[in-house]
Each structure stands twice: as structure tokens, then as C-alpha cells.
Amino acid sequence: MLKKRLITVLTFNNGVLFRTRNFHPDYRYTLNFVDAWSVDEIVVLDITRESMGEKPNFYNIVTQFADRCFVPLAAGGGVRSVEDFSTLLRLGADKVVINTEAVRRPEFIREAAGLFGSQCVVVSIDARKTGTGAYEVFTDFGTRPSGLDPVEWAKKARDLGAGEIMVTSIDKDGSLEGYDNDLNRTVSEAVDIPVLVSGGAGKWQDFVDGFEKGKATAVCTTNIYHFTETSIKSAKVYMRRSGIEVRI
Amino acid sequence: MKVVIIDYGLGNIRSIAGALRKLGHDPVVSRSGDDLAAADRLILPGVGAFGDGMKNLREFGLVEPLAREVLGKGKPILGICLGSQLMARESEEFGRHEGLGWFDASVIRIETAGKDLRIPHVGWDSLIKVREDVLFDGIPDDALFYYTHSYHVRFRDRAPVIGECEYGVRFTAAFSRRNIYGTQFHPEKSQRYGLVLLENFLTKVRYAEETANHGIDVQ
Amino acid sequence: MKEGLYKGAEGERGARRVAYCKRCLMPNTRPRIIFDKEGVCNACRNADTKWEDVDWDARRKEFEGLLDRYRSKDGSWDCVVPWSGGKDSSSIAYRLKFEFHMNPLLVTFSPQVPNEVGSANREALIQAGMDHIFFRPNQKVHRRLAKRFFVERGNHKVPWDAGVNTIPVIAAVKFGIPLIFYAEHGESEYGGKLLKEDSNKMRDFTEVIEHQIGDDPRNWIDEEITLNDLAPYIYPDVGSMKKVGVKALYFAYFFKWSSYRNYLYIKDKFNFRTCAEGRTEGTFTDFDSLDDKSDNLYYYMQYIKFGFGRAVRDASRMIQNKQLSRSEGLELARKYDHEFPARYLKEMLEYLMLTEEEFNDITDRHRNPEIWTKENGQWKLRYPLE
Numbered sequence: 001m002l003k004k005r006l007i008t009v010l011t012f013n014n015g016v017l018f019r020t021r022n023f024h025p026d027y028r029y030t031l032n033f034v035d036a037w038s039v040d041e042i043v044v045l046d047i048t049r050e051s052m053g054e055k056p057n058f059y060n061i062v063t064q065f066a067d068r069c070f071v072p073l074a075a076g077g078g079v080r081s082v083e084d085f086s087t088l089l090r091l092g093a094d095k096v097v098i099n100t101e102a103v104r105r106p107e108f109i110r111e112a113a114g115l116f117g118s119q120c121v122v123v124s125i126d127a128r129k130t131g132t133g134a135y136e137v138f139t140d141f142g143t144r145p146s147g148l149d150p151v152e153w154a155k156k157a158r159d160l161g162a163g164e165i166m167v168t169s170i171d172k173d174g175s176l177e178g179y180d181n182d183l184n185r186t187v188s189e190a191v192d193i194p195v196l197v198s199g200g201a202g203k204w205q206d207f208v209d210g211f212e213k214g215k216a217t218a219v220c221t222t223n224i225y226h227f228t229e230t231s232i233k234s235a236k237v238y239m240r241r242s243g244i245e246v247r248i
Numbered sequence: 249m250k251v252v253i254i255d256y257g258l259g260n261i262r263s264i265a266g267a268l269r270k271l272g273h274d275p276v277v278s279r280s281g282d283d284l285a286a287a288d289r290l291i292l293p294g295v296g297a298f299g300d301g302m303k304n305l306r307e308f309g310l311v312e313p314l315a316r317e318v319l320g321k322g323k324p325i326l327g328i329c330l331g332s333q334l335m336a337r338e339s340e341e342f343g344r345h346e347g348l349g350w351f352d353a354s355v356i357r358i359e360t361a362g363k364d365l366r367i368p369h370v371g372w373d374s375l376i377k378v379r380e381d382v383l384f385d386g387i388p389d390d391a392l393f394y395y396t397h398s399y400h401v402r403f404r405d406r407a408p409v410i411g412e413c414e415y416g417v418r419f420t421a422a423f424s425r426r427n428i429y430g431t432q433f434h435p436e437k438s439q440r441y442g443l444v445l446l447e448n449f450l451t452k453v454r455y456a457e458e459t460a461n462h463g464i465d466v467q
Numbered sequence: 468m469k470e471g472l473y474k475g476a477e478g479e480r481g482a483r484r485v486a487y488c489k490r491c492l493m494p495n496t497r498p499r500i501i502f503d504k505e506g507v508c509n510a511c512r513n514a515d516t517k518w519e520d521v522d523w524d525a526r527r528k529e530f531e532g533l534l535d536r537y538r539s540k541d542g543s544w545d546c547v548v549p550w551s552g553g554k555d556s557s558s559i560a561y562r563l564k565f566e567f568h569m570n571p572l573l574v575t576f577s578p579q580v581p582n583e584v585g586s587a588n589r590e591a592l593i594q595a596g597m598d599h600i601f602f603r604p605n606q607k608v609h610r611r612l613a614k615r616f617f618v619e620r621g622n623h624k625v626p627w628d629a630g631v632n633t634i635p636v637i638a639a640v641k642f643g644i645p646l647i648f649y650a651e652h653g654e655s656e657y658g659g660k661l662l663k664e665d666s667n668k669m670r671d672f673t674e675v676i677e678h679q680i681g682d683d684p685r686n687w688i689d690e691e692i693t694l695n696d697l698a699p700y701i702y703p704d705v706g707s708m709k710k711v712g713v714k715a716l717y718f719a720y721f722f723k724w725s726s727y728r729n730y731l732y733i734k735d736k737f738n739f740r741t742c743a744e745g746r747t748e749g750t751f752t753d754f755d756s757l758d759d760k761s762d763n764l765y766y767y768m769q770y771i772k773f774g775f776g777r778a779v780r781d782a783s784r785m786i787q788n789k790q791l792s793r794s795e796g797l798e799l800a801r802k803y804d805h806e807f808p809a810r811y812l813k814e815m816l817e818y819l820m821l822t823e824e825e826f827n828d829i830t831d832r833h834r835n836p837e838i839w840t841k842e843n844g845q846w847k848l849r850y851p852l853e
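Protein chains in written order, with this note's numbering: chain V, 1 to 248; chain S, 249 to 467; chain H, 468 to 853.
Hint data in this document are derived by calculation from the structure and do not stem from the laboratory. Treat the hints with care, since some could be wrong.
[Said to hold, decoys possible] Partial chain H-side listing against chain V, Cβ under 7 Å, derived:
| id | residue |
| --- | --- |
| 1 | Glu531 |
| 2 | Asp535 |
| 3 | Arg536 |
| 4 | Glu619 |
| 5 | Thr673 |
| 6 | Val675 |
| 7 | Gly681 |
| 8 | Asn686 |
| 9 | Asp689 |
| 10 | Met820 |
Given the structure is predicted, the values throughout are model-derived calculations rather than measurements. Glycine included, C-beta positions come from ideal geometry on N, C-alpha and C.
Full structure from sequences and hints, please.
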């Protein structure tokens, strides 16, 4: 039986590991030892603002993770072209996460899926509630409103060939209050491809809620302290006890 | 032992190379017929579409050398994911495509209609052992492996099937005939047991004439 | 040395040169520090506004108005002071009671390895006239957590941070005491970024989790630790806090804050003792952080991870408060910053249940390769203090 996944998402600012809150790089972590065998998947994202750093710093990170971690690795952040996509795959990523460029030019999803296969294409959707109470998709590190509804956009992305959708609540990012499971659920129920949920996880119960209330296929945590063997094991035991089928 | 990872432009070569290095080997990444000839073990990776896979194999002139080494000389080869699918006769992915034809099998889409199962099949899932095989030495029955695919290989004759997985349908997760092996899952991405499996392939699988034949040959 | 994920050494791509604040001595390796265009850190800038742009009269009036609203009329306690027995919390407690006529309840989360000086100082203030609750957590659990985080993060005080932040709030909620007075907002003083507008005034526990503890303590369950064992570290829920109307405030928002001045204030109010050995290990002062023997190792681990220790921290603070010049601070820091915490090493090894070999291996692994290099078997800072 296919297990539910717990995915660690790490964000890098100019090659330095950062934690974010509402998408602003908040402070740097010292990455001491990344050695977690129980993690299901790793996502590394480049959150360097345009012209605030050099791409090679992030590429360095991708190769280091690819060389050391024998689990699936997704990489993304600022992927603007098929060349960027291909570069990340060559450096060792198994999947590439695209966001802003996909909104700007939806054909990009079809191109990438056609060249590299749908399973390599993760379309990441960042959303927040607007004044009216409806959700809206934002691009450019959660700063630019797109006018798109996340559910409709997820469906379109799927039709264009996305392999997986990653949905992140901008409001909840870094809040430790739990996911926005209304957002998660509506997106998950709208598509038939895997949906990864992110933004707001603090305690293990949040992961359980992400699966049960948010209908997630996989839950993401951006907390570096969850990326230790002890933490992941603790989280998975908790989830298993709550009836979530995870890989232990 | 010379291990060659075949580079035909598709597949996470780096991960496989990393895994092999971790196991203490020094893999060569190549698409040259000479390297294939000099190799003791071959690995055919692959992520992407069947049609592209075959196109690249042809364009890089790898089809003949592969047949020579694998079918002719009986050299051990492990196909991973798309790499394993290419060994089939044909595929229906994005139109009808011809494969290497080493097995009487077709690549078809995972059928999950009406079962609330998402495609692609992505994540950690079981390997149900159908037959004993050296590939599985030291791997417990509840071991999980990482899958990421929308298509699977369906064998007309089940003899080569050594492992299966269940996702909507029961599909082949691992198959073999003497020196030829294929896994639908990614051992280089399956941590502990993936590494064990790779090591088993490298050190326990033998050339064809040294291996008993388990079933009906196609060629 | 275990290969770290940062290869930022030897000028490789991604290597960042360590820079020091032009005014104080803090390096850019400190988490949450920000240097402006002139190379001055945010703590220094904040120190400027502290002395220049604030209407302290208005703040004091606000303070007094607040206290007037909450001052007890029926003999109950009206405020909680999280108290270590040190100069900062003691001066807050003393002022609240004797200057502002409040009725504080002092609440202490036990030091990990209590120091005689700290215990004596607490006793002295209690003798001088204070109500006090001393909470000591399950040692089996606490030490297991301390060891775990020493290994994982090079910080054995993580569970202590959680307890010290939670127990006073639990006391406030359970005893129905609405005000809690903390010393200062650590981030703004010492080079951190403010996340919220009035972060300086009111304490936000989510912030505390993010910055100090890093993770929700409920996640610390493992094969031996159950949820029940984590009771001292689990923050009360928002609902119960709202019911009591708990308000956690920073004293430093209302009054010019200086650790040294706090020390001067408190030292003749009661028999406040300083470091018995004359000088605290790793620094040049004798009046700071006296109550926990494990602090010496804590600051030393900071030195290992970020390249700056207690001397740099103390000197920077004093420079910001105009009590020391940069060159004086630099000299003192160079002399003491790297000092190994030998004084209590044996006790710490026992407390953390480690052999000396394990200890050395762990500390080596926490050496950030971006800032350290090994020369002739000796560790050296790539970019020493300047």
C-alpha cells in the first residue's frame, strides 16, 4: 500500500539555509549535520531574490544533497526556462519545482512534462486569502497577485502535465499554527494527481490534520529541527498511532 | 569490477553514481560501445517518456551494443524505472512505440479508474516478492521502495516476474531472466534497502551462461 | 571533522567572509543579525534609538498607568516575574515591589546545574522580602532532552529555554495573575530582527518558539519520553491565557535598560554576590549569568558554532551602552573569548551523560567549517576578531 509521505522542505538564500515567515527569509540556520535516513523526500528551494545572490551557490547545495541523501530530491526556486529545469536534473534532482514561470507562461508545464516526464514536474502554488475571503494565487515569493484561483489553477496545471501539486499557505507559513486545511482540501479534491501541502506545520498533530482534514497525499515541514533522525521518527510514530500509514 | 551507467540523456545518473560510490564502487558514466564492452556490469537508468528513451538509445547508437553485450555475451544489466520499461516489446505511452524487445511484455498505463488513487504512483510502496532471487538477499518482506511512474510493464508470460506491487492493479515491480534485471522502483532512491539491492545486483548476479534459465526466452 | 554540508571554505563558491560590526564586536555569523551599509549591526542601531529617540517620560507614564490598573487590592499577587536570581530579574522584582508597590510572585525554572552563587543570591532576595515558587523539572526527562539537543544542535539549554518560557506563564494562568514582566526582548538588543510592530513591548510565544526553542516541545516525545513528561514545556493554550488576560511585557520597553546598571542597582539592596572565582569563564565580567554552571559550556558552544563567545557578547553590550570603547572591548574579547569551560567540565560530562571522547567528537562536529579551519591539529578562526 502506498505510504503517506513526510517531506522536508529547506529554503536557501544565496546558498545559506534560512527559515522563512510569510516568505521573508528570517534568519539563517547553521546546518550542522543533515543525516536523516527516515525522511521520505527532500525539497530544496532557492529563495534568493533576483540579483541578490549567485545561482551557483544554490547549485552547490543541490549537488551536495544529491550526493549524500539517497532519497528523492526535488529542487526549485527561480526556474525560468527549460535550461534551468534541465540543469537541476543534471545536478541530481529527481524532480523540479516550478511556480512563478508556470503562472506567467502555463505552456512551460507542458514543455517540461514533454521533455522530462510528468513525474519530474512539481507545480508549486502559493496562495493567501484576499479581502473578500477567497483564495488567490501569488507569485514572486508570495508578493505578486496573479488573479488566479488556486483550485482552478491546480486543475489547469494538472491538465498541462504536472506530476504533482505543492500547495503552500502564505498566511500560515512559519506560524506554527497548523496548515490551512480548507485551502489544502479544496485543491486536493480538485485534482487526481498527488498533492503536497505546506505552510504552518508546527506539531505532529498538524501533520495528521493535513492528511485527515486537508486530504493531503504528502505533508511538508520547513522546520530544520524536524530534519533529524529523532524528530522524524517521533513524528512518524505519532502519525502511525493516529492511523496514518507512513513509512517507518 | 567495472560498472557502467549508460548515459542516454535520461535518468538521474548522478544519484545512481552516488549510490554506487557509497557502496564502494567506482562507476563509469558512458554511452560508448567500447565502455559497454569493457564493463562487467551495466545499469540502464531512466526517467521520462518511453518514446524519448528509445529515440535517444537509437540516436546514440546504443541499441546494437546493448543487444551484443546483454543478449550476446549475457552480461548482467539492471534497468531502473524507464530503463526497465524499455526492455519490453512496446509501449502505449504517448502513442505506440517499439522497445528493445528483450521481453514479451508491454508498457501500459496504471489502471486505477474509480479507485480514488492518484497517478503518477509516487512514493514509498511495497515490494511483494513473487519468487526468490539473489536480488532480494537481505531484504525483508516489508521493505519499502520509492516509485514514481504512471506506466508499468505487463508480462504476457509471468515467468520473469519476481516482484510485484499493488496500486489499483497488481503490477510488476521487479523482473529478471538470467542476467537481465529490471525494477520499476528506484533503488538509488530507496535508502537502506535500495543500496542492499544494488549491491546484490553488482555482486551476486552472474553472466547468463552461469545462471539457470527461469522461463521461456523471447528471442 | 565530519564533512559539513557547507563547503564554504578555501574560497569555494558560497564561502562567506566573516565580518564584525564596526561599532560593537558581533560577527555576521550570529543568527538574525543584520548589518547595514555602514557595517553596523541592528543591535547597535537599536541602542542608539534607545538612548536618543525614545520619550522615556511617556513610557514611564504608560508603565505607571498600566500598574495602576493591575495593582492588587485584595492581597493577591498581581504580577509574575520570571526570576533567575540574577541582576536583571532581581532588579525588576525589587523595583516592582519596593518602588512601584506591586505584589510580585517570583517564579524560577531551576537552573540545569545550580550554582552556589545563584542559589545564595536567590535566598538573599527572598530573605529581603519576596514570594517565590521554585520549579524543578523531572531530571530524567530534562537531562535526556539536554543531551539530545547538545548532540543535535550543540545546545543543551533548549529544554531549559522551553521551561523558563513556559513555567512562569503556567503559573500566571493557574494562579490567575495577569501581568508577567520579562527583562528585555532579546532580539532587538542583541542583533536580531523584530518580527512584529510591538514585539518590543509584548512577548509573543510563537516568536520564542521560533527563535529560542525552534520546535514545539510537544514534538519531543520519543521511545522514553511521553506527552505527560513534557508538561513543564507545553505552553498554555491561547484560550486559557485569554481568560486570565495574561499580558507578558518587557521591562526594557519602559525603562532604559542596561545589565550593568541593573547590577549596580541591585548590589547594595541585598547581599548580591558575584562570581566566586573573580571572573566568569570565557569573559571578563563577574556579575553575569551566575546561577547555572552549564552556562559556561553554553557560551562556549556558541563560540564553536558562530565564532563568538561570552566575552564578545559582554563587550558588545557594554560598547552599545557606552560603558566600554571598541578597542578596550576588542582587547578583552581577544583575551577571554576562546577560553575553554574547564571549571565545570567534569560536572557537565556527568550531567549530559557523555564521556570526554564523545564530548570532543560532538563539539568537533559542531565546528562550522565556514569559520573554522584546522592548522597543525589546532582549531583556528578563519577570520579572527578585528
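### Query
Was the hint right that H:Asp689 lines chain V, CB cutoff 7 Å?
Holds, because the Cβ-Cβ distance from H:Asp689 to chain V comes to roughly 5 Å (cut-off 7 Å).
(message) Would the hint on H:Glu619 be counted as holding, given a Cβ-Cβ threshold of 7 Å to chain V?
(response) holds (5 Å)
Quiz item: Should the hint that H:Asp535 touches chain V count as held when the rule is a Cβ pair under 7 Å?
Solution: violated (35 Å)
*Go through the hint on H:Asn686 and say holds or violated, using the shortest Cβ distance to chain V against 7 Å.*
With Cβ-Cβ at 6 Å, under 7 Å, it holds.
Quiz prompt | Hint validity - H:Thr673 Cβ closer than 7 Å to any chain V Cβ | solution = holds (6 Å)
Exercise. Given H:Gly681 was flagged as interface, is its beta-carbon under 7 Å from a beta-carbon of chain V?
Worked result: holds (5 Å)
H:Glu531 as chain V interface residue, shortest Cβ-Cβ below 7 Å:
violated (35 Å)
_Under 7 Å is the threshold here; is the Cβ of H:Arg536 close enough to any Cβ of chain V for the hint to stand?_
Violated, because the Cβ-Cβ distance from H:Arg536 to chain V comes to roughly 30 Å (cut-off 7 Å).
Under 7 Å, Cβ to Cβ, is where H:Val675 needs to be relative to chain V, so tell me if that hint holds or is violated. The hint is violated - H:Val675 has no Cβ within 7 Å of chain V, the shortest such distance being about 11 Å.
Should the hint that H:Met820 touches chain V count as held when the rule is a Cβ pair under 7 Å? violated (16 Å)
Violated hints, in rising order: 1, 2, 3, 6, 10; the structure is consistent with all others.
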